[in-house]
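K.L.:
Sequence:
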Amino acid sequence: MPEVLLTAWGNASRTDDALGPNLLHLLETWASSVGIAQYFEWVEDFQLQIEHALYLEGKTLALYVDASQNISAPFSFSLLSPLQQPWHTTHAMPPESVLAVSQLLSHSPPCPAFLLCLKGENFNIGEGLSPSAQCHLQATLPFAQRLLQNPSPNAWLTFCRP
-1 MPEVLLTAWG NASRTDDALG PNLLHLLETW ASSVGIAQYF EWVEDFQLQI EHALYLEGKT
59 LALYVDASQN ISAPFSFSLL SPLQQPWHTT HAMPPESVLA VSQLLSHSPP CPAFLLCLKG
119 ENFNIGEGLS PSAQCHLQAT LPFAQRLLQN PSPNAWLTFC RP
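First residue of the sequence shown? That's -1 in my numbering, and the numbers climb one at a time after it.
Keep in mind that the hints were calculated from the coordinates and are not lab data. Please note that the accuracy of each hint is not assured.
As the list claims (entries may be wrong) - Have a look at the derived ranges for each label pair, beta carbon to beta carbon: (1) S130 - E49: 30 to 36 angstroms; (2) A137 - N9: 21 to 27 angstroms; (3) Q136 - V41: 19 to 25 angstroms; (4) T156 - G126: 31 to 37 angstroms; (5) I48 - P140: 32 to 38 angstroms; (6) S70 - L24: 18 to 24 angstroms; (7) Q132 - G33: 24 to 30 angstroms; (8) G33 - N122: 38 to 44 angstroms; (9) L103 - S130: 38 to 44 angstroms; (10) N148 - H23: 20 to 26 angstroms; (11) H23 - L155: 25 to 31 angstroms; (12) E119 - Q82: 30 to 36 angstroms; (13) W40 - A137: 17 to 23 angstroms; (14) A10 - C133: 17 to 23 angstroms.
Yeah, the Cβ is synthetic: ideal placement off N, Cα and C, and Gly gets one too.
Make a model of the complete structure from these sequences and hints.
P.N.:
Printed below as a string of structure tokens:
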């Protein structure tokens, strides 16, 4: 069973919101080509829900990948912590709530988890990434590949910016 969880979410009908799943597909293809894909569990969805906490069971490390307008280009990378009180809506929940639900279910802290956000510009209805999002995706790919080449919490912490 893979020990590292990679979860990406986004809506392909909302232009740049598909950045997370697009990066996940590129990483999975690359990981297969270099023979490391079996070490990861690959999860893609439209949005995060309570059920995603179940994927954390037995994992030693997790990476969540999403698009955001509220970051500097091309991407941001940070350590996640479970929320004190998980929250959700009928629309979605943040990865910090997924971690909190996992903690409630297992009665122990979840594995170390990180968030990789790619800068999106256009989240309107439409198909395909904007030109700037395509550039951000290509700029983020080598960084994400480095993460997968050394999947350990200590190694990933060195990439976190204050």
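K.L.:
Sort out which numbered hints this structure fails and list those numbers smallest first.
P.N.:
none
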